[in-house]
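A.B. asks: Protein chains in written order, with numbering that gives the first Met the number 0: chain A, 0 to 253; chain B, 0 to 128.
What the hints contain is simulated information worked out from the structure, not anything from laboratory work. Among these hints, one or two may not hold up.
Some chain A residues close to chain B (C-beta under 10 angstroms, calculated; not the full set) [claimed, not checked]:
#, residue
1, ASP115
2, ARG122
3, GLU126
4, ALA129
5, ARG133
6, SER134
7, LEU173
8, ARG212
9, LEU248
As the structure is a computational prediction, the values presented were derived from the model and not from experiment. Ideal placement from N, C-alpha and C gives every residue a C-beta, glycine not left out.
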Amino acid sequence: MLLKDQVALVTGGSRGIGKAIVQALAREGAKVAFVYKGSKEAAESLEAELVAAGGTVKALQGDVSDPQTAQTLVSRVLADWGRVDILVNNAGVIRDGLFVRMDAANWKAVLDTNLDGTFYFCRAAAEQMALKQRSGRIINVSSVAADHVNAGQANYAASKGAVNAFTRALAVELGSRNVTVNAVAPGFIETDMSEAVRNKAGDFIAKKLVPLRRLGKPEDIAGVVVFLAGPAGAYMTGQVLTVDGGLSLGAVTA
Amino acid sequence: MPSEQEIFEKVRTTLVDALNVDEDEVTLASRLRGDLNAESIDFLDIVFRLEKQFGVKIPREELFPEAIFSGDPSFVTDGKVNAAGLKELQEKLPFANLAEFAKDPRIEKVEDLFTVEFIVSYLKRKTGG
Numbered sequence: 000m001l002l003k004d005q006v007a008l009v010t011g012g013s014r015g016i017g018k019a020i021v022q023a024l025a026r027e028g029a030k031v032a033f034v035y036k037g038s039k040e041a042a043e044s045l046e047a048e049l050v051a052a053g054g055t056v057k058a059l060q061g062d063v064s065d066p067q068t069a070q071t072l073v074s075r076v077l078a079d080w081g082r083v084d085i086l087v088n089n090a091g092v093i094r095d096g097l098f099v100r101m102d103a104a105n106w107k108a109v110l111d112t113n114l115d116g117t118f119y120f121c122r123a124a125a126e127q128m129a130l131k132q133r134s135g136r137i138i139n140v141s142s143v144a145a146d147h148v149n150a151g152q153a154n155y156a157a158s159k160g161a162v163n164a165f166t167r168a169l170a171v172e173l174g175s176r177n178v179t180v181n182a183v184a185p186g187f188i189e190t191d192m193s194e195a196v197r198n199k200a201g202d203f204i205a206k207k208l209v210p211l212r213r214l215g216k217p218e219d220i221a222g223v224v225v226f227l228a229g230p231a232g233a234y235m236t237g238q239v240l241t242v243d244g245g246l247s248l249g250a251v252t253a
Numbered sequence: 000m001p002s003e004q005e006i007f008e009k010v011r012t013t014l015v016d017a018l019n020v021d022e023d024e025v026t027l028a029s030r031l032r033g034d035l036n037a038e039s040i041d042f043l044d045i046v047f048r049l050e051k052q053f054g055v056k057i058p059r060e061e062l063f064p065e066a067i068f069s070g071d072p073s074f075v076t077d078g079k080v081n082a083a084g085l086k087e088l089q090e091k092l093p094f095a096n097l098a099e100f101a102k103d104p105r106i107e108k109v110e111d112l113f114t115v116e117f118i119v120s121y122l123k124r125k126t127g128g
């Protein structure tokens, strides 16, 4: 168990990639608190499943785009478990639409959750990790969309591009305190978020655009998060690790 | 009310922890940046730990004023701290030893004011000395 007795906090942990991350961290022996916004049933079911398997897991309700949430929930984790060793900023939303018709509300909603939420949680955990513990791992879930953009995702791409830059900035500021900060950029993963596109073009994408000839599973991303959170990732910081089956290489099957 | 020696020893312990230096590297004259290699985040860390060690509250900017570092053009002319700047330093850092600095007030030497003695003087005042 690579992460025995470490304390992890994962945002957006009730479904999709976040859920796989929670499961993977718990499997490696970490105590895991995860944040969910509206999926109460999914969250409680995940918590029950992992506790039944012998894990220490807690579901916490909160909206990461609310500035208060991060402070409140990080304080709770500290009160219950005394530390935060691993922070995974995974909560993310899309509000796809053509740019010329994109309204400010859709722009803001995506930036608020994907970028600001990441900022609030990093800041809430930074004092604990950098000043009190002098150790920590921060992993931000980004996307290939930051660099490999399709039409209709100007807001999403902007938010993830910003997360990548923020990751590098934080790595520089917290490095002397033994906190590594990295990002994972998933490609096309089988989750609720990609369901609509998968229905329309999943097969095409898998067969024509992904060298590994399949879409990704949430577990594919979780594995890399565990690497970054664990002992093997100790000297890596400020990096964005692309995990996309080769999608961003831009090849089309001949 | 702690004696100056007691204050120095606690400050020394704090700096050893915060900066990962050896005890014998820390003297009253040691400059935080120049001699003990403190970087920006270390200053925050030091304030944090001093608050805990001495049971006092150190408001932001009271011990390590940030603006003075920033080369604010009203305080700095041609790379030297000007009269307005010196006055500002005297006000913000009443416990600092400005006599030496005033002889060669280059902006890059402001950080040399932050010595262990500077911290000890600040804490003497703070703890009622």
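A.B. asks: If a hint holds in the structure, say so; if it does not, say that too.
C.D. replies: Do the hints match the structure? See the list:
For ASP115 (chain A), the interface hint is violated, since its Cβ never comes within 10 angstroms of a Cβ in chain B; the closest pair sits about 23 angstroms apart. Interface hint at ARG122 (chain A): violated, since its Cβ lies 13 angstroms from the closest Cβ of chain B, which is beyond the 10 angstroms cut-off. Checking GLU126 (chain A) against chain B: minimum C-beta separation of about 8 angstroms stays under 10 angstroms; hint holds. Because the beta carbon of ALA129 (chain A) sits about 7 angstroms from the nearest beta carbon in chain B, less than 10 angstroms, this interface hint is met.
Annotation: ARG133 (chain A) was flagged as interfacial toward chain B, and the flag holds, the nearest CB pair being 9 angstroms apart, inside 10 angstroms. With its C-beta approaching chain B no nearer than about 14 angstroms, SER134 (chain A) sits outside the 10 angstroms limit, and its interface hint is violated. A distance limit of 10 angstroms between C-beta atoms decides the matter here; for LEU173 (chain A) the minimum to chain B is near 8 angstroms, and the interface restraint holds. A cut of 10 angstroms between beta carbons decides the hint on ARG212 (chain A): the least distance to chain B is about 46 angstroms, and the hint is violated.
Using the Cβ-Cβ criterion of 10 angstroms, the hint placing LEU248 (chain A) at the interface with chain B is not satisfied: the shortest such distance is roughly 38 angstroms.
In summary, the numbered hints that this structure violates are 1, 2, 6, 8, 9.
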